[in-house]
Structure formats: structure tokens, C-alpha cells
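Line order of the protein sequences matches chains A and B.
By the UniProt record's numbering, the letter at position 182 of the first sequence is numbered 182, and the numbering carries on one by one without gaps.
By the UniProt record's numbering, the letter at position 190 of the second sequence is numbered 190, and the numbering carries on one by one without gaps.
Honestly, the hints are just simulated from the structure, not real lab data.
Built from N, CA and C at the ideal position, the CB exists for glycine as well.
Be aware that one or more of the hints could be misleading.
Coverage of chain B stretches by chain A, computed from C-beta distances (three or more under 8 Å per stretch; other residues unrestricted) [stated by the list, open to error]:
hint	region
1	69 to 83
2	150 to 160
Listing some non-contacts, in silico: residues in chain B with all C-beta distances to chain A over 12 Å [what the hints assert, rightly or not]:
hint	residue
3	K99
4	G164
5	D174
6	E195
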Amino acid sequence: MTYIQLSYGDLALPALLVVMDGVLSIVLRLELERQLAIATVRMVVQLVLVGYLLTFLFAAVSPLWTAVAACVMVLFASREIVARQKRRLPGIWSYGLGGGCMLLAAGTVTIFALLTELRPDPWYHPRYALPLLGMILGNTMTGISLGLDVLTNSLVRERAAVEACLALGGTRYQALLPVIRDALRSGFMPIMNSMAAIGLVSLPGMMTGQILAGVDPVDAVKYQLLIMFLIAGGTGLGTLAAVLGGAHLLTDHRHRLRLDRMTLDTFS
Amino acid sequence: MLTVSGLKRLHISVSFDLQDGECVALQGPSGVGKTVLLRAIADLDPNEGTVRLDGALREQMPAPAWRKRVTYLATEPGWWSETVQEHFTAWNDALSLVKCLGLPEDCGPWAVQRLSTGERQRLGLVRALMLRSRVLLLDEPTSALDTASTAAVESLIAARIADGTSVVWSTHDDAQARRVSSRIFAMRPGGHIEESRP
Numbered sequence: 001m002t003y004i005q006l007s008y009g010d011l012a013l014p015a016l017l018v019v020m021d022g023v024l025s026i027v028l029r030l031e032l033e034r035q036l037a038i039a040t041v042r043m044v045v046q047l048v049l050v051g052y053l054l055t056f057l058f059a060a061v062s063p064l065w066t067a068v069a070a071c072v073m074v075l076f077a078s079r080e081i082v083a084r085q086k087r088r089l090p091g092i093w094s095y096g097l098g099g100g101c102m103l104l105a106a107g108t109v110t111i112f113a114l115l116t117e118l119r120p121d122p123w124y125h126p127r128y129a130l131p132l133l134g135m136i137l138g139n140t141m142t143g144i145s146l147g148l149d150v151l152t153n154s155l156v157r158e159r160a161a162v163e164a165c166l167a168l169g170g171t172r173y174q175a176l177l178p179v180i181r182d183a184l185r186s187g188f189m190p191i192m193n194s195m196a197a198i199g200l201v202s203l204p205g206m207m208t209g210q211i212l213a214g215v216d217p218v219d220a221v222k223y224q225l226l227i228m229f230l231i232a233g234g235t236g237l238g239t240l241a242a243v244l245g246g247a248h249l250l251t252d253h254r255h256r257l258r259l260d261r262m263t264l265d266t267f268s
Numbered sequence: 001m002l003t004v005s006g007l008k009r010l011h012i013s014v015s016f017d018l019q020d021g022e023c024v025a026l027q028g029p030s031g032v033g034k035t036v037l038l039r040a041i042a043d044l045d046p047n048e049g050t051v052r053l054d055g056a057l058r059e060q061m062p063a064p065a066w067r068k069r070v071t072y073l074a075t076e077p078g079w080w081s082e083t084v085q086e087h088f089t090a091w092n093d094a095l096s097l098v099k100c101l102g103l104p105e106d107c108g109p110w111a112v113q114r115l116s117t118g119e120r121q122r123l124g125l126v127r128a129l130m131l132r133s134r135v136l137l138l139d140e141p142t143s144a145l146d147t148a149s150t151a152a153v154e155s156l157i158a159a160r161i162a163d164g165t166s167v168v169w170s171t172h173d174d175a176q177a178r179r180v181s182s183r184i185f186a187m188r189p190g191g192h193i194e195e196s197r198p
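With the rest of the complex left out, here is chain A (with noise of 0.2 Å):
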């Protein structure tokens, strides 16, 4: 396996690209050239120190660094969706539920696969750990906050059905099973786009990425199989797991609506 290397070099005459696009900006006034600096500085930064990071571990092969540098991901995350809510859970349970959820479904199947499919030694190693991982948490972090973001606006804007349906004897779960339902399907639009559009309209990645690292076509294409066979279970147990716990959360007991357990964010 053959692939052509890059020096820093290299990359200066691409990064050209980024510095027209902040001409662009400044020649028709869309005042984005400091955002787009900042971006692109932080991408840079970001990239080479994972890379160094990426360089330690492998080499290391320490299921402590590994765990360490799978629950930072986990944590950043769970910073994410947070960030990404207009309407928030009460207290830790902001961060807790997406967080939780996204361990529990991005471990899980990223675990199956080292276990079952890719079977490296020893099964922990961070070379397939950790970007396996790092794949399966970015699409599972879309789903639950989709799904989360649904769940509680669709919540304030349901209320008075919601509410109707409890005050005729029915359950919190009768309740909110169409909210819940909206909300699911709002978590798992995304990777259902991709998975159809994915050949066709966008080669992914990962895919690209091992192509040109010499990577046989059709080895590449088994890859990315099993990542999307991976993102779509992944998907599926965070974001059923994050609505589920949402909407226990948003209601108590004695099958009430709690709408005054979350907060609204006031910045987003």
C-alpha cells in the first residue's frame, strides 16, 4: 500500500483557497473574513495537535490514554448538542442525557465492531478505537440533538394536546407519542439522507481519504459499509434512548407535564 505524502509545504498553496474566499468576502461586504479567519487558524491548530495527539497513542497502545481520549471526545460532544438546544433539560441533566446516551450507543456499537468485525489486537488498539469511535459520535451527537431539539419545541408548541390527552386519563407516554414519534424521525432524517445519497451524490471521507492512501476501491467500499451500518445503529440507540429520557424527564409521576423543569436559551 502506496500513498503520495504531503509536506506542510504543500498545503500552503491550497490554503490560497481560504484567503480568496476571505477576499471574497471583504470585496462583497459580507463582513465574515474574522470569522473565517478564526475558523480556519482553529482547524489548523486543532488538526495538527490531534495529529501529534493521534501519534502518542498509537504508539502508547494504553487502554487508559484510550479511554482517557474517548471520554474527552464524549465529553465535547456532549458540549455540542447542549450548545446546539434552543430549549434546555433541567440542571445536569442538560449535559447528562445527550452525554449519556452518546456513550452508551457510540460505545456500544463501537465495541461490537472492534469485538465482532475488526478484531484488532488487542481489541482496544486506538489506531481503530478511536477513529471508529470519533466517526460513530459525530453522527450520533447529530441525532440526538435533533431529536432532542424536536422533542422539547414541539413539547411547548403540543402543549395544550398534550395536556388534553392527559386530563382524559391517558399516560405521559399516550400523551407525548406523537411528539416522541416526530422527534425520532427528526433524529434519524439525517444518516437516512446520507445512506441514500451516499455512491451518488457524495463520497464520504473516510472512503476518499483510504482511496487515496492506496486503499483498494472495493476494500474501501467494505469499509464504509460497515461505518454506516455502525453510524445508523449508533444513530438509531442514542437518539431512541436521548427522546425517551427527555420526554420521562419533561413530565413526573403523576403523568403531569413539566414544561417548567426546562430553560429557554436566551443566546441561541
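Position chain B against the provided structure of chain A, taking the given hints into account.
For chain B alone, kept in the frame of chain A given last:
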């Protein structure tokens, strides 16, 4: 008999008894807490105090079972499905009530959005009456109705009261309060009630 003792929710603090087959009118200016009180009795919001039905504590039965016996009807009832009949477990059984309130008998497959505010209010009442609850907590149930429809609703509820159903009827209409009730509870700013006879 419904017994409400030291019921507290937000600024209101209320105690009263409601006999079987009795209707009490609940009056007071907007924002005084009539809806808050009715929702608290139905246990739709967190509240403190003791509420009993025939001596049985509300907390001793599951909340859905309580609300099937003590049913709250909002001024503007909510709808969770597309068509009218999807909101009823047995639509055909509801047809006599639908007809009684002057609603079209063929409105079952209609989309809820097609209905006027008054039609939705009457259908919400039909939906609640289908439960045959022991206590009805009616929150301005005729606020969107014309005179004829209001009379039909009052007549239907009177028949239920005669059968032993107890009713708390919130209304801004003094004449209606006198017509339908045997006692009037006037809610005062501060959340307490003053009782009078019509």
C-alpha cells in the same frame, strides 16, 4: 363527594366540599386563578393539599385513573390527531351527544382544522363527557358559543348533574352562573374564595 382541603398552587389556597349532583360556579376576574384551581384539582400541575373523592385520597390512585374520575376541560381543548373521530375511543357511541349539541353527525372524518372554534369547544365537551366522570371541571365551556349552543350545553350538563355528576363551572357570565349552579365561588385577588348563593 369531592373534598378539597388546603389546596395550594401558586398564590391560591382553597378548601371546599362538592356534593354528588351539585354544580358550583367559579367566578372572578381574568388572571385571578380560576384555571389554576381547576388544573390543580385535576392534578395537572404540582400542588399541595388534600383532595379526596368519596374519602379516597387522590394520591392513592394513579393520576390517569384520577383524571378519568375528576376530568378537567380546558376553554380551548387540544387535539393530537388529524381527524375528529381519532380523538374518540368509540366515535359511534358519541354520536348522540354530537347531535344533542347541534354538531354535524358526519363530522367524524373531518380534519380538526376545518372546525370553527365553537365546534371544537363543543366537541371537546363531548370527548370529556364520554368518560362519564364523577366530577367535571369546566373552564369557561361556552365562551365561544352562541346563545342556542350555550343553552344546549347547559341542558346537557344539567342532565348529567341530575344523574349525580358534580360540576365546577368557571364562567364570566353572571346570569349563567345563577342558572347552572347552586352555589357561587367568587375568587378574589390573593387566591381565596368567597361563597354565595345565586
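Going through the hints against the structure:
| no. | hint | in the structure |
| --- | --- | --- |
| 1 | 69 to 83 | holds (count 10) |
| 2 | 150 to 160 | violated (count 0) |
| 3 | K99 | holds, 21 Å |
| 4 | G164 | holds, 19 Å |
| 5 | D174 | holds, 27 Å |
| 6 | E195 | holds, 26 Å |
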